[in-house]
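Enquirer: These protein sequence lines map, in sequence, to chains H, A and R. Note that my numbering has the first sequence beginning at 135, numbered continuously upward. Note that my numbering has the second sequence beginning at 294, numbered continuously upward. Note that my numbering has the third sequence beginning at 6, numbered continuously upward.
Since the hints were made in silico from the structure, they are not lab data. Note that the coordinates shown come from a computational prediction; the quantities given were computed from them, not determined experimentally. Glycine included, C-beta positions come from ideal geometry on N, C-alpha and C. Do not rely on the hints blindly, as some may be mistaken.
Claimed, not checked - With the Cβ distance kept under 10 Å, some of the chain H side facing chain A (calculated, not the full set):
| id | residue |
| --- | --- |
| 1 | PHE148 |
| 2 | PHE158 |
| 3 | ALA160 |
| 4 | ALA270 |
| 5 | LEU273 |
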Amino acid sequence: MSKTRRIEILVGAFIAAGLVALFFLAMQVSNLGSLNGGDAYRVLARFDNIGGLKVRSPVTMAGVEVGRVSDIYYDEKDFRAVAVLGIYSQFDEIPDDTFAKILTAGLLGEQYVGLDPGGSEQFLVEGSEIAITQSALVLEEVIGQFIFSKAQEGAQ
Amino acid sequence: MEWLAALGRAGLSFSAGLGRANLLLLASLRGLADLIWRPRLLFEQLYSIGVLTVLIIAVSGVFVGMVLGLQGYYILSRFGAEATLGVMVAASLVRELGPVVTALLFAGRAGSAMAAEIGLMKATEQLSGLEMMAVNPEHRVLTPRLIAGILSMPLLAALFSMLGVYGGWFVGVGLLGVDDGTYWAQMQSQIDWSGDVLNGVYKSLVFGIVCTWIAVFQGYDCDPTAEGVSRATTRTVVHSSLAVLGLDFVLTALMFN
Amino acid sequence: MSPKPPPSDTLVRIRGLSFSRGTRLIFDGIDMDIPRGGVTAIMGPSGTGKTTLLKLIGGQLKPDAGSIEVDGQAVHRLAKSALYDLRMRMGMLFQSGALLTDLSVFDNVAFPLREHTRLSPSMIRKLVLLKLEAVGLRGAQGLMPNELSGGMARRVALARAIALDPMMIMYDEPFAGQDPISMGVVVQMIRRLNDAARISSILVSHDVKETSAIADLVYVISDGKVIESGTPQDLAEHGREWTQQFMRGLPDGPVPFHFPAPDLAQDLFGVSA
Numbered sequence: 135m136s137k138t139r140r141i142e143i144l145v146g147a148f149i150a151a152g153l154v155a156l157f158f159l160a161m162q163v164s165n166l167g168s169l170n171g172g173d174a175y176r177v178l179a180r181f182d183n184i185g186g187l188k189v190r191s192p193v194t195m196a197g198v199e200v201g202r203v204s205d206i207y208y209d210e211k212d213f214r215a216v217a218v219l220g221i222y223s224q225f226d227e228i229p230d231d232t233f234a235k236i237l238t239a240g241l242l243g244e245q246y247v248g249l250d251p252g253g254s255e256q257f258l259v260e261g262s263e264i265a266i267t268q269s270a271l272v273l274e275e276v277i278g279q280f281i282f283s284k285a286q287e288g289a290q
Numbered sequence: 294m295e296w297l298a299a300l301g302r303a304g305l306s307f308s309a310g311l312g313r314a315n316l317l318l319l320a321s322l323r324g325l326a327d328l329i330w331r332p333r334l335l336f337e338q339l340y341s342i343g344v345l346t347v348l349i350i351a352v353s354g355v356f357v358g359m360v361l362g363l364q365g366y367y368i369l370s371r372f373g374a375e376a377t378l379g380v381m382v383a384a385s386l387v388r389e390l391g392p393v394v395t396a397l398l399f400a401g402r403a404g405s406a407m408a409a410e411i412g413l414m415k416a417t418e419q420l421s422g423l424e425m426m427a428v429n430p431e432h433r434v435l436t437p438r439l440i441a442g443i444l445s446m447p448l449l450a451a452l453f454s455m456l457g458v459y460g461g462w463f464v465g466v467g468l469l470g471v472d473d474g475t476y477w478a479q480m481q482s483q484i485d486w487s488g489d490v491l492n493g494v495y496k497s498l499v500f501g502i503v504c505t506w507i508a509v510f511q512g513y514d515c516d517p518t519a520e521g522v523s524r525a526t527t528r529t530v531v532h533s534s535l536a537v538l539g540l541d542f543v544l545t546a547l548m549f550n
Numbered sequence: 006m007s008p009k010p011p012p013s014d015t016l017v018r019i020r021g022l023s024f025s026r027g028t029r030l031i032f033d034g035i036d037m038d039i040p041r042g043g044v045t046a047i048m049g050p051s052g053t054g055k056t057t058l059l060k061l062i063g064g065q066l067k068p069d070a071g072s073i074e075v076d077g078q079a080v081h082r083l084a085k086s087a088l089y090d091l092r093m094r095m096g097m098l099f100q101s102g103a104l105l106t107d108l109s110v111f112d113n114v115a116f117p118l119r120e121h122t123r124l125s126p127s128m129i130r131k132l133v134l135l136k137l138e139a140v141g142l143r144g145a146q147g148l149m150p151n152e153l154s155g156g157m158a159r160r161v162a163l164a165r166a167i168a169l170d171p172m173m174i175m176y177d178e179p180f181a182g183q184d185p186i187s188m189g190v191v192v193q194m195i196r197r198l199n200d201a202a203r204i205s206s207i208l209v210s211h212d213v214k215e216t217s218a219i220a221d222l223v224y225v226i227s228d229g230k231v232i233e234s235g236t237p238q239d240l241a242e243h244g245r246e247w248t249q250q251f252m253r254g255l256p257d258g259p260v261p262f263h264f265p266a267p268d269l270a271q272d273l274f275g276v277s278a
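For reference, chain H alone in the conformation it holds in the complex (with noise of 0.2 Å):
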C-alpha cells in the first residue's frame, strides 16, 4: 500500500510541479501577467502613418504603462492607420484632448504610443477618439528632410 501510496504523491508533486511551470510561463515569461483581459476601455487614435507600431505595443503616459494597442487597421475612406488603443480601466481620467504620438523606445527599440494629457475637464471613455496626432518617425524621411535642407543650404 505504502508503494501505491508513494507513486500517487509522487505523480501528484509531478502534475503541480508542470502547471506551477505553465503558470510561470503565464505570469513571470509572457505578457499575460500584464494583460488585464477585459479590464480596458478602447479609445481610437488616428495616424498618418503608424511606422512600427504593433497590436500589443505599450501605451504610455509619462513613461508609465496605462494600456496596450489592441487593434490596428487601415481606414480606406480617409487613408490613414487607425490604432485602437486599449486603456487600462484604472486610468479613468485622461483628458480627452489628449495628444497622442508614436514614439520609439531607444535608437532601435520598439515603437509605442505615448499619451501627454491635455487639459480638458473632459475624459476619455470607451470608443472616444483622440483627435490630436502625431505619426511614428520613419528614419528614411527624416534622413530625406535632412539631406534636403542640406542640399538647399548649400544652394543659397
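Given chain H, put chains A and R in place with the hints provided.
Expert: Relative to chain H, chains A and R alone:
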C-alpha cells in the same frame, strides 16, 4: 525493375503499418471509458512516464537555458542589445527548444522504455494472457500509457522551459551582469501568452500524442522475440525523433507565419 | 435461471477447420470432438500448430474455414463481449506462464477476480490463498514473477487460470522445459484439477510419456490433418505406423530423418542430373 518493385513493397508495408497504427489508436481511445473507472492505471503510467522523466528534463532544461544565455549574450552584446537576452532565451525555449528537446528526450527516455515494456509483454505472452482472461489488452495496457504520455508531455515541456529561463537568467544576470529587471521586463513585454506560450503548449501536446502513439504501436506491433523488441525500441526513438522534427517544421510554419 | 438443455458430452466441436498463416497452410479441414470432463491431449511434432489450435479455440484467431464450437457457441462468430464472457469460463495456461511481471504472485492470481467480480477484498484474499494452496505455492504469495523458477511460474499461472472456476483449461506445452520433479507435479495437478474440480482439460504437448500418463483421449495431428485419435494405449499398441513412430520416439520411420532435399552427391559436387 527490381528497385521499382522494392519501392512498391516498401510503400505497401508502410501503408499497412500506418493503417494498423491508426486502428490501434482508435482501439486504445475506445478504452477511455474503462480508464475512468480505473484511474490507478493512469497514475501508475503517469509515474513511469512522467515522474521518471522529470530528472533528465530538468537537468537538460537548466543546461540548455545556460547555453542559450551564454551564446545569446555574446551575440547580443555585439549589438549592444544585451537587454533583450531574456527575450531571446525565453522565445527560443517557449517556442522551439522546450517542446522539441523535451519530445526528443521523452522519446529516448519514456518512449523507448514503453515500447520495450509492451514488446516484452507481447513476447512473454502477457498480452495473449490478458486476452484469454477476458481483459482487453488494448484498453488495459495501451490506453493508460497513451493518455499518460499525452498529459505528461506539455507538463514536462513547461518544466523544461521554466528551468531553461532560470538557467539563462543565472548565466546572463548572475554571471555576465545583465540587469535583473531588464531581463524579466523585456521578456514579459515581448513574449506573448497565446502567440508564443500557448502555441508551444499545443506543439508539445501534438508531440505527446505522436511520441506515445509511436512507442505504443512499435511495442504492440513488434515481433515477439528478443530481436523484435530491441528493433521496436530503436524504431521508437528514430521514428519519434524524425516525426517530432518534421512536425515541428510544419507546426511552426502554421503557427508563427 | 431458465432450465438449460442438458449439456452435451462434447465441450469443443471442431468441424472442417482450415487455417493458414501467410501462404503456409497450418490446418487443412480438421474435425475434432473434445469431450466434457476428460483430459484430451493434442499431440504432434513441433511446428504443427498445436498452440495455434488453442488460440483458435480461445477465439484469439479466426479460422479461414470451418467452425469451432465451445459449449455450443461458435467462438469465431461471437461478438467481442460474448467472446469475453465465454473466455471467463476458459482458462489457459501459457507455455511461459504469462504472468504479469509488474504484479506479485498474489496480485496475479487476484487479477481475474478483481477484473471480473465485485467481491470484497477479504473474499478475494481467501479465494486467492485457496487457489495458491491448491498449487502448493501459498508461501510464495509475496514474491514477484521474476523471483520464481519456470515451474513455479507455471503453477502460479495455473492458480490464476482456475481463479474464476472455469469449465475448461487449455494447457500449452505444460511439460516443456521442466525438471523431472516439477514435471511430475504438473502431471499430477492437471489430473487432480480435472477429476476433483470437474474442469475439462485440453492439453497440447509433444511429451509422449507424460501425456500418455494422464490423457483420456489423444488426437495426433501432423501436416495440418488429424492422423489418428484414441486412448493412449490404443495408439501406442494398435496405431498406424506413423503414430507408432511418434509415440515411441523412433528417429526414422514414416517421418523421414531427412528434410526433403536434392540428392546429396548433387548438392555437394554440383553434378546436375
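Enquirer: Look at each hint and say if it fits the structure.
Expert: Now the hints, each set against the structure:
1. Because the closest C-beta pair between PHE148/H and chain A is about 5 Å apart, less than 10 Å, the hint holds.
2. With 10 Å as the threshold, the beta carbon of PHE158/H comes within range of chain A, its nearest partner Cβ sitting at about 5 Å, so the hint holds.
3. At its closest, the beta carbon of ALA160/H sits 6 Å from a beta carbon of chain A; the interface hint therefore holds under the 10 Å criterion.
4. For the restraint placing ALA270/H at the interface with chain A, the shortest Cβ-Cβ distance is roughly 18 Å, beyond the 10 Å limit, so the hint is violated.
5. The criterion of a C-beta within 10 Å of any C-beta in chain A is not met by LEU273/H, whose closest approach is roughly 17 Å, and the hint is violated.
The earlier numbered hints that this structure contradicts are 4, 5.
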